[in-house]
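Engineer: So the chains spell out like this:
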Amino acid sequence: MSAEAETATRTYRPPMGAGWWTRKGHYFWYMVREFTALPLALWLLWLLYEIQRAGRGPSGYYPPNSTAFVIFSAICLPFALYHSFTFLKLAGVILRVKLLDKPLASGVIVATMFGTWLVASVVVGAVLIGFGR
Amino acid sequence: MADKRITIRATRFDPEKDKSPRLQSYDIPFSDDSMVVLDALNYIKSHVDGSLSYRWSCRMGICGSCGMTVNGTPKLTCSAFLRDYWPRSVTVTPLNNFPIVRDLVVDMEDFMHKLKSIKPWIIRKQEIPLGAGEHRQTMDQIGEFRQFSQCINCMLCYAACPVYGLDNEFLGPAAIALARRYNLDSRDQGTKERLPMIAHPDGIWECSFVGECSVVCPKGVDPAKAIQQTKLDTTMRFVLPYGNRE
Amino acid sequence: MDFESYDVLVVGGGLAGIRAAIAVVEANPRLKVAMVSKVYPMRSHTVSAEGGAAAVLRPEDSYETHAFDTIKGSDYLADQDVVEAFVREAPIEVIQMEHWGCPWSREPDGKISARPFGGMTTWRTCFAADKTGFHMLHTVFQTSLKFDQIHRHDEAFATKLLVEDGRCVGVVAIDMRSGKFDAITAKAVILATGGLGRVYAFTTNGNICTGDGMALAYRAGVGLKDMEMVQFHPTGLPFTGILITEAVRGEGGYLTNKDGERFLKRYVPNKMELGPRDIISRAMTTEFEEGRGFEGAHGKYMHLDVRHLGEAVIDSKLPFMRELGREFVGIDIVHDPIPVRPVQHYMMGGVDADISGVTPLAGLYAAGECANVGLNGGNRLGSNSLSECLVFGAAAGRQAADYVSSARAPGSNPVGAMLKDETARIEAAYLDKKGGDERIGAIREEMQLAMDVGAGVFRTREGLEKLTKQLGTLRDRFEKIKIEDSSRTFNTELMAAMELDFMLEVADVITYSALAREESRGAHSRRDYPERDDAKYLKHTVAFRTDDISPRLEYRDVRITNFKPQARTY
Amino acid sequence: MTEQVARRPALAHLFWWFMFSQGGVLAALLIPVHIVVQGILGPLGVVKVVDRHYDTWISILGNPIVKLYLLVLISLPFFHFAHRLRYLLVDLGVPAAKSFPAQVVFYGAAILVTLVTIWVLLTTAPISLG
Ligand SMILES: Cc1cc2nc3c(=O)[nH]c(=O)nc-3n(C[C@H](O)[C@H](O)[C@H](O)COP(=O)(O)OP(=O)(O)OC[C@H]3O[C@@H](n4cnc5c(N)ncnc54)[C@H](O)[C@@H]3O)c2cc1C
Ligand code: SF4
Ligand code: F3S
Ligand code: FES
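Protein chains in written order, with our numbering: chain C, 1 to 133; chain D, 1001 to 1246; chain H, 2001 to 2570; chain E, 3001 to 3130.
Just so you know, the hints here were simulated from the structure itself, not pulled from any lab data.
Among the hints, erroneous ones may be present.
Stated by the list, open to error - Pairs of lysine-lysine residues, derived as DSSO-like cross-links and limited to a Cα-Cα distance of at most 27 angstroms, are as follows:
hint: 1; chain 1: D; residue 1: LYS1019; chain 2: H; residue 2: LYS2180
hint: 2; chain 1: D; residue 1: LYS1116; chain 2: H; residue 2: LYS2146
hint: 3; chain 1: D; residue 1: LYS1219; chain 2: C; residue 2: LYS24
hint: 4; chain 1: D; residue 1: LYS1192; chain 2: E; residue 2: LYS3098
hint: 5; chain 1: H; residue 1: LYS2433; chain 2: H; residue 2: LYS2480
Construct the entire structure; sequences and hints are all you get.
Structural biologist: Shown next, in the form of structure tokens:
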């Protein structure tokens, strides 16, 4: 396009380095956010295993209560919360909702998202606990 | 005011002589609280070392040419005040993620190609004649794209985006924000024409929402928002049976 | 030798240059256009224009009043036929910008909105918030990207016009990236290189406004017209010179002195803050001299007060001003008055060109701030300049397109020789120069300060004569400059040296033109000749380069059509 | 410039991003409460939870709505995880994670998890409305 292209002079391209995400707090927290996928995936796999275990009949069934498992869940929890928090907050940035032809403030959208989270947690929690014995 | 001084360290690189860049230190008077990093560079160029090369013009944060990395963060040097760093020293390096041409000057051809590639002009099926006057547009309609039209092409967002740093094929924040600016303009009918470039694997999908682009943007463009909204809109076009396809 | 050859070459990527380039390809899509700019086009100084572009769009308004306001504002030094053509074209161009996507601010019914501006009797300044130049420049630049016939040479610095058989056939340009000298040839050349504010120390103009195009044309033998007419804008931020747009006054801001008094009532009682720039700048300077200004770390200043407008108006109409106040002064203009003082802003004078941008040198056209087509006379009205860039940029483009359809292509032999000469000149003067001990920065600063003092808001014979001597000395010292940068790659010191060379040239022309005009008219205000003198000076100054230091001056009658010169009071 | 050759919207990317975002919302809204209740409070005995007893657990697992819920709860987030982990690798300097084979591996894994989940749900407790 421009005539300069052909007379390209030597340039220096600084290497990026795999440790770029340690350079700045923001990058680090981004990596943490992405990393949440791993503990959450493992936890869900556990849940799947729990369900599958129930299929083997009542005789061998024991409730999940090893200390290791509680510790594992306790480790997963902050990641889960961090995922929920970042994801729902960022959703406020993305979603454009119009009410009566006026764009809704992203603060309102975020508040709605967090409200939904709360309601969903209460409902699911109620079912899990309510049917318990 | 006592004679304050401040240390500026600037990248030096002359491709005709140097293999790789190095930092050079300058100790200069910090005579006035209104001084910005660019003033310090200008002082060096005028009074200490005339060979220091960098770009600048307007000195009022609107031409977009003076972007550099200041103590690790991409900044417009004409709007970065020395008083915010002093008594620490200030390290000025070229914008990250771009090839260095010379000292603090980076190669921006790639960026220029990307700008052009998203067709940043009004596309209409049928041009209206000049004699018919202006298109009517309300302030609310302008409000739809206003934020995304504030981009000064300073490329700070590219310097901040690791995805671009890792792979220069990525279309990048400002170009996508500009595409969105036109897509949201009530006068434009070119969304579909821009789609192949935007929804390309190296387009919006490549962005993993690091969000640093919006943090460093000096004009509040919020390219991260532009990109995520474009992802959503584009997806809706195809997911909803009759969604959004004009 | 073979050179890159085009039909039309545009030097300058600002509003005027890009508009011209588009006009060429619109006139004839088969034409190949080159656009040479020393910065990427969107960096051009048009980007910092804030207030707006004037055009008669509202039914209540009329061409006659726009023409009259412009002519009166010019202190009758404008060529009236040019003004009349301009006011008719401006609305068309503003609509064209709208069609290209410029986000003009709108009325509730969706039409383009207008705001009051200094010296305009009615609301006719179209605006895009307070970033009008930014939006216009990005709009035309982005629109220009769709024309593949426009070949950009970004960051290429034009050093000389190529003239062959009395015809301009291109430029020599240095590609800054590689340091390579190129002859870029064309059948016609349009100069659109912008202003020269950097000749002064205290200016709103960016680093790139160094009068290059004017100096290039001047050296090629073309006259520079009305160069004594330098505009000082009343409201610049002290220290930085950043402009606080006239729109601030247009929207209702007050100017007050240290006694809290709206002092303009003594100078422009009928217009107050909406008076023209030259008069308000003089009023402020007079107030300073009489001790009624504020004293600050960066000199005297006045207050520009918008507090009474309220946050809502400020945020919708003047958001950038709030941003600038916050960033560069540390104040919130919603709660604090803005410190301001007069600042060099615009060059009415420029390359002698006619209504279609045609200069006396065949094949050479000029448009935008670097040209003087006769529109602005002694004082440009705020917001006429952006419209001027559009109207006369387009006119020059169309004219050039027309011309090249019959012009033959330039030969390459003389061009080759000229390129060799120019390369040798620059290498000898700068790149391969040994020794020298003068700093470019030092000479530039001394020139700028001398110009501020000697050719500022008020001028006198003594001051101007002293200035010619100072400039002469600086010119001698320039011969002894030291170039520390020997690299060919992006050598900004070489650019700075060549720009200083251009600036010393145009500074001379300003000074000699001002010395010779023994009257006060528009922006040119002589303490020793306080009155306007229509009998002697209802004329354009045209300066030609000579081998001597001082230029040869000619005078040319102003073209008067419908508006007889009257006393200029507001 | 290469992009002049006609480009078409990348529909595959679009689809995977859609699944990614759906999975993300779901994971955000639902996973924490499961972890808290089933992973911490239940095992610690703070509250009674449905999976503490075989009967309660198996009876609720038999509910078709619960089955559907669990299918969505478990499988959809995996499309989110697959996407994130793939890009995590890219971020850590493994550009190969962008390649087509990598996509097959990661999204394939998510599909696999989905299939396994369906199988588990179908074979665990007989469907009953009780
Ligand atoms: C702060 C500010 C605010 C303003 N506000 C307003 C306003 O509200 N309304 C209004 O009407 N006017 C306003 N003006 C005036 C108006 O903006 C300018 O007059 C106008 O933009 C000039 O445009 P241009 O195209 O002539 O030049 P520019 O935009 O300055 O462009 C010059 C071009 O020439 C190129 N160039 C220069 N020298 C060389 C060389 N040697 N080789 C190669 N290329 C070269 C540059 O790279 C650049 O691309 C304002 C001016 C300033 C400074
Ligand atoms: S989006 Fe912001 S940071 Fe990026 S180029 Fe535009 S103005 Fe600069
Ligand atoms: S930083 Fe990069 S990854 Fe996306 S959100 Fe911004 S473009
Ligand atoms: S110099 Fe123009 S943005 Fe900083």
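Engineer: Would you check the hint for D:LYS1219 and C:LYS24, treating anything up to 27 angstroms between C-alpha atoms as holding?
Structural biologist: 21 angstroms, holds
Engineer: D:LYS1192 and E:LYS3098 were given as a pair; does the straight-line alpha-carbon distance stay at or below 27 angstroms?
Structural biologist: With a Cα-Cα distance of about 26 angstroms, the restraint between D:LYS1192 and E:LYS3098 holds, given a limit of 27 angstroms.
Engineer: Is the straight-line distance between the alpha-carbon of D:LYS1019 and that of H:LYS2180 27 angstroms or less?
Structural biologist: 21 angstroms, holds
Engineer: Measure nothing beyond the straight line between the CA atoms of D:LYS1116 and H:LYS2146; if it is 27 angstroms or shorter, mark the hint as holding.
Structural biologist: 8 angstroms, holds
Engineer: Straight-line Cα separation of H:LYS2433 and H:LYS2480 no greater than 27 angstroms?
Structural biologist: 10 angstroms, holds
Checked against the numbered hints above, the structure violates none of them.
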